[in-house]
Every structure is written in C-alpha cells, then in structure tokens.
Amino acid sequence: MGVSGLHPPRPFPQAARDAVNSPQLRANLRKVTTTIRDKRLRAVGELPHWEELRRLGAATKDASLANLSDRLLELEASVRARGGHVHWARDAAEARELVAQIAHAHEVTELIKVKSITSDEIELNAALDAHGIRAIETDLAELIVQLSNDTPSHILVPAIHRNRAEIQALFNAQLGEPEPLTDEPAVLAAAARRYLRQKFLTTKMAVSGANFAVAETGTVCVVESEGNGRMCVTLPEVLVSIMGIEKVLGTWEDISVFMELLPRSSTAERMNPYTSFWSGVTPVDGPQEFHLILLDNGRTDVLADEVGRQTLRCIRCSACLNVCPVYERAGGHAYGSVYPGPIGAILTPQLLDMADKNANTLPGASSLCGACYDACPVRINIPQVLIYLRGEANEDKGVTLESLAMQGMRYAMSEGWRFEGAVKLARLGQGPLVHGGQITALPGLLGGWTQSRDLNAFPAQSFREWWRKRDAKGGLPEDSA
Amino acid sequence: MKIDLFITCLNDALFPRTGQATVALLERLGHEVRFNPAQTCCGQMHLNTGYRADALSLVRKFVNDFRDAEVIVLPSGSCAAMLRELAPDAAHWEGDEALRAEVEALSGRVFELSEFLVKKLGVEDVGAAYPHRVTYHPTCHAMRSLRVGDAPLRLLRNVRGLTLLELPHADECCGFGGTFSVKNPDVSTAMLADKARHILETGAEACTAGDNSCLMHIGGGLHRLRSGARTVHLAEILASTDGQVWA
Numbered sequence: 001m002g003v004s005g006l007h008p009p010r011p012f013p014q015a016a017r018d019a020v021n022s023p024q025l026r027a028n029l030r031k032v033t034t035t036i037r038d039k040r041l042r043a044v045g046e047l048p049h050w051e052e053l054r055r056l057g058a059a060t061k062d063a064s065l066a067n068l069s070d071r072l073l074e075l076e077a078s079v080r081a082r083g084g085h086v087h088w089a090r091d092a093a094e095a096r097e098l099v100a101q102i103a104h105a106h107e108v109t110e111l112i113k114v115k116s117i118t119s120d121e122i123e124l125n126a127a128l129d130a131h132g133i134r135a136i137e138t139d140l141a142e143l144i145v146q147l148s149n150d151t152p153s154h155i156l157v158p159a160i161h162r163n164r165a166e167i168q169a170l171f172n173a174q175l176g177e178p179e180p181l182t183d184e185p186a187v188l189a190a191a192a193r194r195y196l197r198q199k200f201l202t203t204k205m206a207v208s209g210a211n212f213a214v215a216e217t218g219t220v221c222v223v224e225s226e227g228n229g230r231m232c233v234t235l236p237e238v239l240v241s242i243m244g245i246e247k248v249l250g251t252w253e254d255i256s257v258f259m260e261l262l263p264r265s266s267t268a269e270r271m272n273p274y275t276s277f278w279s280g281v282t283p284v285d286g287p288q289e290f291h292l293i294l295l296d297n298g299r300t301d302v303l304a305d306e307v308g309r310q311t312l313r314c315i316r317c318s319a320c321l322n323v324c325p326v327y328e329r330a331g332g333h334a335y336g337s338v339y340p341g342p343i344g345a346i347l348t349p350q351l352l353d354m355a356d357k358n359a360n361t362l363p364g365a366s367s368l369c370g371a372c373y374d375a376c377p378v379r380i381n382i383p384q385v386l387i388y389l390r391g392e393a394n395e396d397k398g399v400t401l402e403s404l405a406m407q408g409m410r411y412a413m414s415e416g417w418r419f420e421g422a423v424k425l426a427r428l429g430q431g432p433l434v435h436g437g438q439i440t441a442l443p444g445l446l447g448g449w450t451q452s453r454d455l456n457a458f459p460a461q462s463f464r465e466w467w468r469k470r471d472a473k474g475g476l477p478e479d480s481a
Numbered sequence: 001m002k003i004d005l006f007i008t009c010l011n012d013a014l015f016p017r018t019g020q021a022t023v024a025l026l027e028r029l030g031h032e033v034r035f036n037p038a039q040t041c042c043g044q045m046h047l048n049t050g051y052r053a054d055a056l057s058l059v060r061k062f063v064n065d066f067r068d069a070e071v072i073v074l075p076s077g078s079c080a081a082m083l084r085e086l087a088p089d090a091a092h093w094e095g096d097e098a099l100r101a102e103v104e105a106l107s108g109r110v111f112e113l114s115e116f117l118v119k120k121l122g123v124e125d126v127g128a129a130y131p132h133r134v135t136y137h138p139t140c141h142a143m144r145s146l147r148v149g150d151a152p153l154r155l156l157r158n159v160r161g162l163t164l165l166e167l168p169h170a171d172e173c174c175g176f177g178g179t180f181s182v183k184n185p186d187v188s189t190a191m192l193a194d195k196a197r198h199i200l201e202t203g204a205e206a207c208t209a210g211d212n213s214c215l216m217h218i219g220g221g222l223h224r225l226r227s228g229a230r231t232v233h234l235a236e237i238l239a240s241t242d243g244q245v246w247a
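So the sequence lines, in the order shown, correspond to chains A and B. So the first sequence is residues 1 to 481, counted in our numbering. So the second sequence is residues 1 to 247, counted in our numbering.
The set of hints was computed from the structure by calculation and includes no laboratory data. Predicted, not measured: the structure shown is a model, and the values here were computed from it. It cannot be assumed that every hint is accurate.
Said to hold, decoys possible - Below, in silico cross-link-like pairs of lysine-lysine (DSS-like), each with a Cα-Cα straight-line distance of 30 Å or less:
#1 B:Lys183 / A:Lys31
#2 B:Lys2 / A:Lys473
#3 A:Lys397 / B:Lys183
Bound-form chain A, shown alone (with noise of 0.2 Å):
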C-alpha cells in the first residue's frame, strides 16, 4: 500500500484521488467516523469543565515543553534509579539500530510489539526483518493490518478501512484454526486471542511504545483497550520502550488532565479499559530488562519553530481524523504517512523540515474548516499551523505557475481603479467559456474547478460601478444589476 514510516510515496491529491474514487472505502469510513463523531460529541458533553479541561491539557503540555531537555534528564535519571536503561536517538536509523542491538543481545528472532506508531514512524519493523527478527503485533487491529500485508490508516483504529468480511476472510486465511470462522465479532475476536496468547506466553521480548512518561518518577504509560498492552509490558523478559521525546510530563499530577482528555476524545469513553504504568525494573515481577529508548527524529527543529511548536501537544487521541471532512473522504492512506488525518498534515511535513516535496503538499489537505481545532483536546490550532506551513512550503518553490498568477492578482488588488480594470478585462476575456451565463469549463490551473462546478460568470456591472452610477445619481436606490 505504500505508507511505510514518515515519507509519502506520492502528493497528496494524487494518492486522493484514488481513495475518493472507492465506494466502499468511502461508505466504511462514513459510517465509522460518523458513529465516533457523534459519540465523542456525548462523551465529551457529560463534562461542564470540557473547555478548561482543554486549556489545562494545553497549558500542562506547554509547559513540559517549555523546559524539555530538563525534563528528559530528569526522566533519564529516574528511569536509571529504578534500573531501567536510557538510550537517546537522534533519528529512525539510530532507534532502529538500538531495538536490533538489544534483540540480538538476547537472541530472540521474534517479538511481539504494541501501541507504537512511534515504531511505525522509523520503521522498525521492515528493519528488524533484514536482521533476521519477526515483529509480531499485538493490538488487535495492527494485527489485521500486518496479516493482510496492509498498512495502519488511522492512529487509533489502523484498520478502519476494513469491514468484518475482509477481516473474516484474512482470519480464515491466516491463523490457521482447524475449523473455517464465522463473521460474528466474538468469533473472530476468540481467533486473535488464541493466536496472540500463545505468543505472549513464548515470546521474550516485546517493544512497545508509550502515552505518556512521568520525569519524576521515571514512570512510563500506555493507555489500550484490549489488555494485549499489558501482557506485553509485563510477560517478557525484556521490554522496550520507544518514546518521541515530547511525550513527557513532569509531574504524576500532569497525568490527571490527560487521563480525562485522552480516553473521552479518542474513543469517547469516560475511562479507557486498561492504563498500564511502569517503573524501571521491579525484581521477580515483570520484565528484568527494561530499555527506553528517547526518540528526536526532528522534534526538537518542531519545538524550535515558534508557530509548528504547538503540534508537539498531540496526545494521538485521533479526534482531529474522526471530524476532519477531508480525511473522511480521502482515508488515511491518502495521507502516505503513518500519521495521517489533520494532525499528520502538520506533523509529518514538519518532522520531515519541510524538505519533502511529497509531505510539502499535506498542508494543503485542508479546506481550513475547523473542525479539527475545535475537537482538539490539548487546543492546538491546526488551521493556523496549516496556513502558516504552506507558507513554509512555497519557501523552496521558487517562482511557478501559481506564484505568478498570486503576484498578478496582488498587483491588481493593489489599487481600486487597477482591480476595477482587471475585472473589465477578466469580462471581456471570459466570452467564448461563458454558455447561458454559466462557465462550465476552465483552462489550465482553475480546470480543477470545472471538474464539478460550473461557474457563473463576470456580471455586466461590478459593484463598484454600480456605485459610483448611484453616487452620481444622489444615492437614490437603484437595481440595475
């Protein structure tokens, strides 16, 4: 499918288009982020203090941003108090290189994973395959995405372009149960569980990745519904954790907020089933070797840029995907990066530097209507990031075929008498498109337009002339349009 960690293999109204153009991509995404929306909406409606709960998780966020690297020294030198081991990278390949050299020093060449699109962002599991290691998922959903060879399409439910028949047919097909399986929800729920158990139960390494760490306390957390994350955080012998480095928090009491936000934005449940929190290594109970492994991968060129600084609040809660209209049409693929939907547009273009000329067009995978600002539990202001990045994204373009028609239109604005003219002009010049006062077709830039629209045309008096005829008449009202 093509979405393989940060880099789209295409622009982004190229891959849309494809998307778009899927009936039942479209009708399982409807129906899906429809349920969700109106859902959240309830869930979040329950609770009076939602909008100070919003500023607060903001505000809490901002703030261990503000003193990051103090934070992540504190995080490191509680985690190593507790005997856990800290490891940074600077980007994918270091954090790929560590997670090998850790499976290698045990011997393993299979691990069961969870909970770690920060996993997906580098790779990992394509890179661990060339070492001869077989990544194995856990989360129900990722593990219908990596038996069907497909890639995540959402953050919090990766395979939601899938519908119970696909899945039903891919069980069958895959996990070898001696009798063919029903489409019953439990059914194919009893089959994954009988897979995933048994993996648990062999299985001595796991990676996973994590919401949230405490500074103080050197305390990982991972929030999940299904209870695979904590039979991974707690069978094996040997866990790693892999982190993007804005994922700490400074106190226990900065989780709270978030406890609220997070279960009620993302699933719309008031509490999620399963919050698992560790602590180093704990003698005799859990795993005995404990890694976090702290990942940069161009965070810190995001917290150095005052404007794109604020995507760094996202707690992956997914409620921006589930109201974006935009995502709904085009699904998660379109976006061609593991962090798709509205927060992808500006993550993904930003942790690339903006050198991307794929990621560049994600900005523009917007019709800047707000929704997404609005759900957002932690307030990040996605329309102004995207409008500030494309911006950014023209930086390197140069001089094109838009710019110049933007610089044209500027110069026309730039006097009432000069837009008066142009618009004369643009009258006088629109003759042969116009039929029955409507434009059905358009010519080169704006042929996107007429795809669909038609366009009616350039009325025989602008307003302003309009005016300036009433003026002269004294003011009286006159319809002469």
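On the provided structure of chain A, position chain B as indicated by the hints.
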C-alpha cells in the same frame, strides 16, 4: 450609525447584487452607508495559499483604506475571520509588529453582516419578506472562527413568508476552501456531493449562507447537477420585501 462597507473582491466582481442588497438593507434600517472605492481584497486567498508577503500587502491596504471607519460591515464570514484572526497572526509571522497592532486595533470594528445586525444592533426582524422554502448552510468561518451562532437563523425566522428547512449535517464543510477546491478537486468534489445531496433532501428551493465563496461552490455544483435548487446570499433575502425582490 455610519457604516463602512467592505464589499470583498469576490462580491464586487462576481456577486454585485449581494453588495447592493447589503446597501439597501442597511439604509432601510436607517444607517448611513459608505463605500470607499479604493478598497479591494482582504488577502485571504493569498495567505491561505501560502503567499504571506502578497497577503500582507493587501492587509496593509485594507488598514489604510479603513483606518478611520467607525464600523466595517462585510457580507462574508470568511473575510471577516481573515481580518480578525489570521491577519494579525500573519503580520506577526513576518515580523511586522506595527501592522499587527494596526490590524488588531481595527479588527474589533469588523463585523460580518448577520452578527452586526443581531449582536451589534440587536435587530432580529429586519422587515424582510421572501415567500420561499429555504435551507441555511452555516459556513465554517462564520460558525467556528466568528462564532456567529444562530444569528443568521434568528434573522431568517423573522422573514415573512419564508419556510426555513433544517439542513442535515449542516455543520459539515461544503468543500470549497478557496484554492483547496482547485488544488484538491477530487476531495472537494466528494465533499460537495454530500452537501448537495443534503440540500436536495430538504426539498428547499434555495440554500442560503453568509458567504458567496461557499455559495459559488455549492451553487456551481447544484447547477451542474441540473437540480433546480439555487443558492442565494443571506443579504439578498434580508433585503427583499414585498415591494422589491432581490433574489
């Protein structure tokens, strides 16, 4: 009240009747209406497409043209949102703090038409008559940036003869988004298809909104579908009376 009109580039060139209706409406309510012909555009299209310097030169022009205005009323939620929210941000990004201060000083006097009528003037019945079945599309910027709330609906409910039909999934974007509609035509078209379907489901003769940019998009789609339903700017409904029909 002395009201300065900002008619916006799109209204001026393509939808002059909206401007004319705005004049007629405000004068009917007893206000003095002024139009400074030096005005052109708020710069939103340039800013949203990523041409900040071009946009700011237009913002600067707007500030110069309207510096002395008591209130500035415009028949576009989208352009009002640009002037109130985005323009100060953009000036700051480009390091032009003087322009930021100037446009911020002006932005408190900028009103979208329906919010001006309901929130500033406290008028909900403008004495309009429009005997048609109408559905209302709340445009994204008016709804989410300006928070005009139900101001347009209050105005429409007081229009004599008008049957107001509720639009399903009203708060979903129509898919216009300025240059988005041209640069991402497939997604924009998919969004438009849903909006058009919902409008037609209401059985309305016309869909109204406070922004001709969205209406140009929706209207263009409805026309392509040969649906018979049309679009009409809110100002043109509110300006209509038994004696004079504007839309």
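Outcome of the hint check:
1. B:Lys183 / A:Lys31: Holds, because 27 Å separates the two Cα atoms, which is no more than 30 Å.
2. B:Lys2 / A:Lys473: Roughly 20 Å between the alpha carbons, so the hint for Lys2 (chain B) and Lys473 (chain A) holds.
3. A:Lys397 / B:Lys183: 16 Å, holds
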